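Asker: Sequence:
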Amino acid sequence: MTNTAQAVQAEAVSSEKISQPLFHNGKWVWERHYPNGVSWHAPLLRKPLFHIVDRAAEKYAHKTAIDFQGRTWTYAEFGQMVNRVAEGLQKFGVTTGTKVGLFLPNSPYSLFFFFGVLKAGGTVVNYNPLYVEREIASQVEDSETDIMVTLDQPVLTAKMQKILQTTRLKKVIICPEAGVMTLGKLLKLKLTGKTPVIESDSRHIPFSDIVNNPGKPIHVSIDPDNDVAVLQYTGGTTGVPKGAMLTHGNLYANMLQIVTWIKDMRHGEDAILGILPLFHVFAMAVVMNCSIYAGLKIILQPKFDLQEVFKAIRKHRPTLFPAVPAVFNAIANAPDVGTVDFSCLRFCITGGAPMAADVMRLFQEKTGSASLAEGYGLTEASPGCTFNPPVGKKKPGSVGQPVPGTVVEIIDREDGKTVLGVGERGEVCITGPQVMKGYYRRPEATAEQIKNGRLHTGDVGYFDEEGYLHLVDRIKDLILVRGYNVYPRMVEEAIYLHPAVEECIVAGVPDGERGETVWAWVKPGAGKSVSADTLKEFLIDKLSPIEVPRKIIVREK
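My numbering puts the sequence shown at residues 9 to 565.
In short, the hints are calculated from the structure, not lab data.
One or more of the hints may lead you astray.
[What the hints assert, rightly or not] Cβ-Cβ distance ranges computed for the label pairs, FRET-style:
1. Asp349 <-> Pro214: 41 to 47 Å
2. Glu456 <-> Glu66: 42 to 48 Å
3. Asn44 <-> Lys179: 50 to 56 Å
4. His32 <-> Arg563: 30 to 36 Å
5. Pro214 <-> Arg433: 53 to 59 Å
6. Pro518 <-> Asp349: 31 to 37 Å
7. Asn460 <-> Lys536: 48 to 54 Å
[Said to hold, decoys possible] 20 Å max Cα-Cα, derived EDC-like pairs, lysine to aspartate or glutamate:
8. Lys311 <-> Glu185
9. Lys531 <-> Glu501
10. Lys170 <-> Glu143
11. Lys401 <-> Glu474
12. Lys550 <-> Glu521
13. Lys401 <-> Glu39
14. Lys559 <-> Glu501
15. Lys459 <-> Glu435
16. Lys67 <-> Asp272
17. Lys459 <-> Glu500
18. Lys402 <-> Asp366
19. Lys544 <-> Glu511
20. Lys271 <-> Glu39
21. Lys224 <-> Asp62
22. Lys550 <-> Glu500
23. Lys445 <-> Glu432
24. Lys459 <-> Glu422
25. Lys550 <-> Glu501
26. Lys565 <-> Glu511
27. Lys323 <-> Asp344
28. Lys531 <-> Glu500
29. Lys401 <-> Glu500
30. Lys536 <-> Glu501
31. Lys401 <-> Glu373
32. Lys374 <-> Glu316
33. Lys178 <-> Asp209
34. Lys71 <-> Glu277
35. Lys565 <-> Glu521
36. Lys401 <-> Asp420
37. Lys167 <-> Asp549
38. Lys544 <-> Glu143
39. Lys311 <-> Glu521
40. Lys445 <-> Glu456
Quick caveat: nothing in here was measured; it's all calculated off a predicted structure.
We put the CB at the ideal spot given by N, CA and C, even for glycine.
Throw the hints in and build the complete structure from the sequences for me.
Answerer: Laid out in structure tokens, this is it:
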């Protein structure tokens, strides 16, 4: 246990205000009700994250690592590709601290470059490919991204051309979509004629130039507890995007926490269905890091498509399926859900947004034997903090118990210090090896988020008598749409760019399909007028599609 965690224990024990303390007689309340075979004191090593690729390439060499629409790579082939990417990046100047952005939809390139960047000594900066130029440019400048990796899809390369001209970005690595396709899909692509024209100059690097080497990168010394592996952008509690500095140690420890928690995972045998976007921290941890460590077959899909999910379940028979509640809701309400045999799914994990008990019940009714467990985490914690056990007692409406080595406390919202007891509501705070190093170049924001060694989540919750955490409210002003964070302030700032808008308010409204949906209320300036349709059109190039309000209400006040 860390010194911080011991100090937290001491404070919990010494608090006189707790009638039913979370920590009593040397144990946390959840420890007394932990799943059989799982120890909260499990060892959590910290290593350079790319070690999991080397380990898997040796231990599961001939097992399938990635299946992308029929094209496959073994773990040995995957490991070799990571080494070639790492060597190529080093030759193009990537070294300790170099920021390399990944502007990629789900594809094998996402995995090749994620670990290739880390092995070269660099830091990965994840970008949402749905972002518009304004959002990308802001993140490039804030993160100090020097190199960007993207696919040769026209919509992506067009954005990158503008970013190269207007920001500090120095180079763009272009990966050919055709390079990870089966022959059949390649022929279809050629028939469409949708191949972009890529500039040929020193600022545009073809993927072939990166991997044209024997795959022997220079060894880079990594300090797991201090060297940042990933800058993962989040709005935190303020809505202003900030880069959470997740170290190699943070991500490695969280990977072990989750793998230890899912104790019945069959290493080297199970297969995981990867529809979550790998630039999202949930997918990064579960679909990528945990799967590689355990030698799972990653059935990777470019995006969520309900019928493609059904096809993958019929054909590949995955055993693990992580997704956001909106996906499980879509499956449960699909007219043809009864035509799919879900018996292969041993564990389904949901996170990224609250899971309604009715949705969970309906999904399990429609899919039969599929086990669905809800978890909780946040970007600043790499992200996993609590889970309902995949096998064992699950509580609908709860986000489960703390994962090994993680202290979750309920802190009084008034003084921000007093540790509350069982059943008492307060702010959820996290202590553990997965908690971020801080926000990049934002010491004041870091100090506001991490106090007395605790990560303040901005969520309100309580523990029940068996150590299951229940969330009841959010302090932070945040809208969760299909598991994605949408920050009202960012949407409001975009709306205010319209010359006719004098005042606006953006808020989340409950939505059965999307979890929440974005609404905006707008007041035009004196003598001016604007319609909802005009505003939506105006926002197309200023916000990503998921951020554009589904409903805009124009009012006089």
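Asker: Next, verify each hint and record whether it holds.
Answerer: Each hint, compared with the structure:
1. Asp349 <-> Pro214: 41 to 47 Å: holds, 43 Å
2. Glu456 <-> Glu66: 42 to 48 Å: holds, 44 Å
3. Asn44 <-> Lys179: 50 to 56 Å: Since the Cβ atoms of Asn44 and Lys179 sit about 52 Å apart, the hinted range of 50 to 56 Å holds.
4. His32 <-> Arg563: 30 to 36 Å: Violated: the Cβ-Cβ distance is about 54 Å, outside 30 to 36 Å.
5. Pro214 <-> Arg433: 53 to 59 Å: holds, 56 Å
6. Pro518 <-> Asp349: 31 to 37 Å: The hint (31 to 37 Å, Cβ to Cβ) holds, given that Pro518 and Asp349 are roughly 33 Å apart.
7. Asn460 <-> Lys536: 48 to 54 Å: At roughly 49 Å between Cβ atoms, Lys536 and Asn460 fall inside 48 to 54 Å, so the hint holds.
8. Lys311 <-> Glu185: Measuring from Cα to Cα gives roughly 15 Å; hence the hint holds.
9. Lys531 <-> Glu501: Measuring from Cα to Cα gives roughly 14 Å; hence the hint holds.
10. Lys170 <-> Glu143: holds, 12 Å
11. Lys401 <-> Glu474: holds, 10 Å
12. Lys550 <-> Glu521: Violated, at roughly 25 Å.
13. Lys401 <-> Glu39: holds, 14 Å
14. Lys559 <-> Glu501: The hint holds at about 17 Å.
15. Lys459 <-> Glu435: holds, 13 Å
16. Lys67 <-> Asp272: holds, 19 Å
17. Lys459 <-> Glu500: Given that 20 Å is the threshold and the Cα spacing comes to 30 Å, the pair is violated.
18. Lys402 <-> Asp366: At roughly 15 Å apart (the allowed maximum being 20 Å), Asp366 and Lys402 satisfy the hint.
19. Lys544 <-> Glu511: Judged against 20 Å, a Cα distance of about 16 Å means the pair holds.
20. Lys271 <-> Glu39: Holds, at about 16 Å.
21. Lys224 <-> Asp62: The hint holds at about 13 Å.
22. Lys550 <-> Glu500: The given pair, whose Cα atoms are some 11 Å apart, holds under the 20 Å limit.
23. Lys445 <-> Glu432: violated, 29 Å
24. Lys459 <-> Glu422: holds, 14 Å
25. Lys550 <-> Glu501: holds, 10 Å
26. Lys565 <-> Glu511: holds, 8 Å
27. Lys323 <-> Asp344: OK: Lys323 and Asp344 at ~16 Å, within 20 Å.
28. Lys531 <-> Glu500: Status holds; Cα separation ~12 Å.
29. Lys401 <-> Glu500: violated, 43 Å
30. Lys536 <-> Glu501: With a Cα-Cα distance of about 19 Å, the restraint between Lys536 and Glu501 holds, given a limit of 20 Å.
31. Lys401 <-> Glu373: holds, 18 Å
32. Lys374 <-> Glu316: holds, 18 Å
33. Lys178 <-> Asp209: With a Cα-Cα distance of about 12 Å, the restraint between Lys178 and Asp209 holds, given a limit of 20 Å.
34. Lys71 <-> Glu277: Judged against 20 Å, a Cα distance of about 8 Å means the pair holds.
35. Lys565 <-> Glu521: violated, 30 Å
36. Lys401 <-> Asp420: Status violated; Cα separation ~29 Å.
37. Lys167 <-> Asp549: Holds, at about 11 Å.
38. Lys544 <-> Glu143: With Cα atoms ~17 Å apart, Lys544 and Glu143 stay inside 20 Å; holds.
39. Lys311 <-> Glu521: This hinted pair holds, its Cα atoms lying about 17 Å apart.
40. Lys445 <-> Glu456: holds, 13 Å
Figure legend: structure checked against the earlier numbered hints; hints not met, in rising order: 4, 12, 17, 23, 29, 35 and 36.
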